[in-house]
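Visitor: Spelled out from the first residue to the last, the chains are:
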Amino acid sequence: MLIDEAFQPSDIEHLVDVENATASRQIFCDPGIWRMELQRIFTRTWLFVGHASEIPAAGDYVTRLMGNDPVILVRDAGGQIRVLHNSCTHRGSLVCRGTSGNARGFTCPYHGWVFDNSGAIRATAMDDALYKKHTDYHHFDLKRARVGTYGDLIFATWNDDAISLDDYLGNARWYLDIMFHRTPEGMEVLGAPHRWVSTNNWKLGPMNFGADGPHAVKVHGPITDATFAGGNARQMLRDALIESPSVSMGNGHNGIWTQAPEAFPPFLGWEPALIELFQKTLTPEQLQLMQRAVASVSTIFPNFSWVQGPASFEPATKMPTTFLAIRNWQPIAHDRTEIWNWFLVEKEASETFKEEAKRMGIRTFSAGGTFDQDDAEAWHSIQRGVEGEIGRTLDVSFEMALAYRDRALVDFPGPGTAYPSNYAEVTEFDVLVEWQRYMTGKIDWAR
Amino acid sequence: MNDSEPRVGDADYRAICEFLNDEAELLAERDYPQWLSLLAEDMQYLVPVPEFFEHGTARSVGRGNAYFDDDYPSLKVRSELLSDPTLTTAENPPSLLCYFVSNIRPRRTANADEFTVTSNLLIYRIRASEPTPYLLAGKRHDLLRAVAGGYKLARREIRILQASIQGPNLSFIP
Chain A
1 MLIDEAFQPS DIEHLVDVEN ATASRQIFCD PGIWRMELQR IFTRTWLFVG HASEIPAAGD
61 YVTRLMGNDP VILVRDAGGQ IRVLHNSCTH RGSLVCRGTS GNARGFTCPY HGWVFDNSGA
121 IRATAMDDAL YKKHTDYHHF DLKRARVGTY GDLIFATWND DAISLDDYLG NARWYLDIMF
181 HRTPEGMEVL GAPHRWVSTN NWKLGPMNFG ADGPHAVKVH GPITDATFAG GNARQMLRDA
241 LIESPSVSMG NGHNGIWTQA PEAFPPFLGW EPALIELFQK TLTPEQLQLM QRAVASVSTI
301 FPNFSWVQGP ASFEPATKMP TTFLAIRNWQ PIAHDRTEIW NWFLVEKEAS ETFKEEAKRM
361 GIRTFSAGGT FDQDDAEAWH SIQRGVEGEI GRTLDVSFEM ALAYRDRALV DFPGPGTAYP
421 SNYAEVTEFD VLVEWQRYMT GKIDWAR
Chain B
448 MNDSEPRVGD ADYRAICEFL NDEAELLAER DYPQWLSLLA EDMQYLVPVP EFFEHGTARS
508 VGRGNAYFDD DYPSLKVRSE LLSDPTLTTA ENPPSLLCYF VSNIRPRRTA NADEFTVTSN
568 LLIYRIRASE PTPYLLAGKR HDLLRAVAGG YKLARREIRI LQASIQGPNL SFIP
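Protein chains in written order, with this note's numbering: chain A, 1 to 447; chain B, 448 to 621.
Mixed in with the good hints there might be a few duds.
Stated by the list, open to error - Covered, in the sense of this in silico footprint (three residues per stretch, anywhere, with C-beta under 8 Å from a C-beta of chain B), are these stretches of chain A:
id, segment
1, 76 to 87
2, 184 to 190
As the list claims (entries may be wrong) - Derived DMTMM-like pairs (lysine to aspartate or glutamate); straight-line CA-CA distance at most 25 Å:
id, chain 1, residue 1, chain 2, residue 2
3, B, Lys523, B, Asp478
4, A, Lys318, A, Glu348
5, B, Lys586, B, Glu465
6, A, Lys318, A, Glu271
7, A, Lys318, B, Glu527
8, B, Lys586, B, Asp489
9, A, Lys354, A, Glu271
10, A, Lys347, A, Asp166
11, B, Lys523, A, Glu355
12, A, Lys143, B, Glu501
13, B, Lys599, B, Glu488
14, A, Lys354, B, Asp489
15, A, Lys354, B, Glu488
16, A, Lys347, B, Glu498
17, A, Lys218, B, Glu501
18, A, Lys318, B, Asp518
19, B, Lys523, A, Glu314
20, A, Lys218, B, Glu577
21, A, Lys318, B, Glu488
22, A, Lys218, B, Asp531
23, A, Lys354, B, Glu604
24, A, Lys318, B, Asp489
25, A, Lys354, B, Asp518
26, A, Lys354, B, Glu498
27, A, Lys347, A, Glu185
28, B, Lys599, A, Glu314
29, B, Lys586, B, Glu604
30, A, Lys442, A, Asp167
31, B, Lys523, A, Asp225
Just so you know, these hints were derived from the structure itself, not from any lab. All figures in this text were calculated on a predicted structure; none of them were measured in a lab. Where a beta carbon is used, it is the ideal one built from N, C-alpha and C, also for glycine.
With the hints as extra help, turn the sequences into a complete structure.
Guide: Okay, structure coming up:
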C-alpha cells in the first residue's frame, strides 16, 4: 500500500497549528509520516550532497544519501559534477560501496555491469545487441539526479519540476555568502564527514539549528563556562541569546546570529589575514552581522545545517579559534537520524589555523563533541517522551512565537524577516510550517 | 603495528599489562581525575574517522577527520565535565561502562624509557535512557613513557571499527 493512500493532506494539515504555534507530537513518531516525508520532501526538494573540495579532480567520488536513496557524488572525466543513483540498472545492487575514491567508473558487484564516472553504461554481462527491446543502449545508464551548485556547495534533486537552486535558496544566499564566500577562494572541507546515529526523529536537528536559543543555556551552559574566559560566561550567553536576532530567510530556511557583548573584540576567533579578506569580500551589511557573531546557526530546509563559533580549550591562555561545521540530518527511520558532519575552513587560512579550526570543531560539534553529546541525549529523551500512546496525542509548544511574530526588526541589515531574540521560537517553528506546506501539497513544483 | 621493534622483558611486560588494566578500570569507573594523572603533559589523543575504499580507488577526503583530537588541556576539560553529572546532559545519570582490553603487545623503542603498545579495545556501555547496549571496538596504538614509580601515557590513537557511530554520542573517553 502506498503511504499516500493512508494519509491525505487533510490528515496532515492539522498536525501543525500555524496560528497557535504548536505541533502534534505524532509528526516525530509515526513511521507512516516518515515514509510520506521521504516521498513528499526528500524526493522533491533540493538536498545538500557535498562540497566541491571533496571531489577536486576528475574521477574523484564520495558516496552520499538523498533521503533513503544511496547516491555517488562524482566529478566525471570531463570535469562535470554528477550525482548518480548508486543502484545498478540491471538488478539494483549498489555499484560503489566505498566512502570515497577516484575511479574511471563503477562495476556492479553482482553481474559485473560497468558504468563510467558520468553514469553511462559501458558493459553488460552479455552481448549488448541481445537486449532487443532497447536500441538506445543508454537506457541502462545509472539514474542521474539534477545537480545544482551554489559556489562550492553541491545540491541535487530528483524533481525535474523543482525551481532553480538559486530560487530555492533565495534570501538564504546572502547568509550563505557570509559563511562560504567570505574570502576570494572560499572554503575547503577538512576531512571526510563524521557519521553517527542519533536516536530521534530527523526534524529535531533542523529545528534545533533553525535555531533553538534557549536550549543553549540549559544544555551548553557548563561547557560554555569551561571554554570561555571570564567568570559568568553562561549568563553572558543567556543575555546575548535573548538580545540577538533570529532570521526567517524564506522557503523554510531559518537561523540565529548571536551577537557578542560589547566587551568582546570584533571578529573573535579569526587570524588577522583572514579578517582583512572578509573586509574586502563581504558587503558592509554582511560584515555588520558577522563581525560580532559568536554563534551562527542555521538550517537550509529540509536537512542541511551549519554551526559556527569561536572556541578555546585553554581559555585562560589561548585565544579562541572559530570553527565551522556543516551537516546533513539523514532520516534513516522515524526515530533514527544519521548525522553527517563536516568541518570547513577558509582556503587562504594558515596551516596552523586550519588544524586548530578542525580541532575546535571536533571537540565541540561531533559525536564526541562537548556540545553535541548533550544535544543528542536531549533529543533521545524527547523521542522517548513523545512516542507513547498518550504522548503522541499531545502537542509540542512553540508559543513563544506568539509574543514575537509581530515584532519583526525594521533596521536589520539582511534580507528575509528578522526577529529581536534567539529565544523567539518563530524561526524554529517556521521549519515545521514549511514542512506542513510540502506535506499537504501546497508547493506547486513539489507536489 | 609495532612488530619490527624488540619485545620487552618479563618485568616490563607485567608492569605494562597492569598499567593498561588499571587505566581501563579508571575509565570504566569514570574516575577521570585519577586517569588524568596517568597522562604525560604532552599527551596526544586521536580517534580517526575510518574511511572505506574499494580496491584500486583509494582516496582520502581532505586532510582526514577524527572523532577525537585531544591534548592534555582538552582532556582536562572533558575530565571535569564528565566527572560532575550536573555539567552534562549526556552523563546524568552516568552511563555504566565496561572496558575490555586484550592482545596487549608492548615493544621497546629506540628510547630506553619509551614503549609502544598495541591492544584491542571493546567498550560496553549502558545509558539510563536506553536499554540496548552500545558497543565500540577499536585497535589502540599507545606510547608509554617510564617515569619514577610507573608509566605515563604519552600518545594514544584508537582506530575504531565502525563505519558510522551507532549511537547518539561518545560522552566518555574511549
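Visitor: Check whether the Cα positions of Lys218/A and Glu577/B lie no farther apart than 25 Å.
Guide: OK: Lys218/A and Glu577/B at ~22 Å, within 25 Å.
Visitor: For the pair supplied as a hint, Lys318/A and Glu488/B, is the alpha-carbon distance within the 25 Å limit?
Guide: 17 Å, holds
Visitor: Lys318/A and Asp489/B were given as a pair; does the straight-line alpha-carbon distance stay at or below 25 Å?
Guide: Given pair Lys318/A, Asp489/B holds - Cα atoms ~16 Å apart, limit 25 Å.
Visitor: CA of Lys586/B to CA of Asp489/B, is that 25 Å or under?
Guide: Holds, because 22 Å separates the two Cα atoms, which is no more than 25 Å.
Visitor: Would you say the segment 184 to 190 of chain A counts as covered by chain B, given the rule of at least 3 residues with C-beta under 8 Å?
Guide: Result for this restraint: holds, n = 3.
Visitor: Check the hint pairing Lys523/B with Asp478/B against an upper bound of 25 Å on the C-alpha distance.
Guide: Roughly 12 Å separates the two Cα atoms, so the pair holds.
Visitor: Given the hinted pair Lys523/B and Glu314/A, is their alpha-carbon gap at most 25 Å?
Guide: Answer holds: Lys523/B to Glu314/A is near 10 Å, not above 25 Å.
Visitor: Is the hinted pair Lys318/A and Glu271/A satisfied, with a Cα-Cα distance of at most 25 Å?
Guide: Roughly 13 Å separates the two Cα atoms, so the pair holds.
Visitor: Quick one, are Lys347/A and Glu498/B close enough, alpha carbons at most 25 Å?
Guide: 23 Å, holds
Visitor: Would the hint linking Lys354/A and Asp489/B be met if the CA-CA limit is 25 Å?
Guide: Roughly 21 Å separates the two Cα atoms, so the pair holds.
Visitor: Is the straight-line distance between the alpha-carbon of Lys523/B and that of Glu355/A 25 Å or less?
Guide: Given pair Lys523/B, Glu355/A holds - Cα atoms ~20 Å apart, limit 25 Å.
Visitor: Need the status of pair Lys354/A, Asp518/B: alpha-carbon distance at most 25 Å?
Guide: 17 Å, holds
In summary, the structure is inconsistent with hints 1, 17 from the numbered list given earlier, while agreeing with the others.
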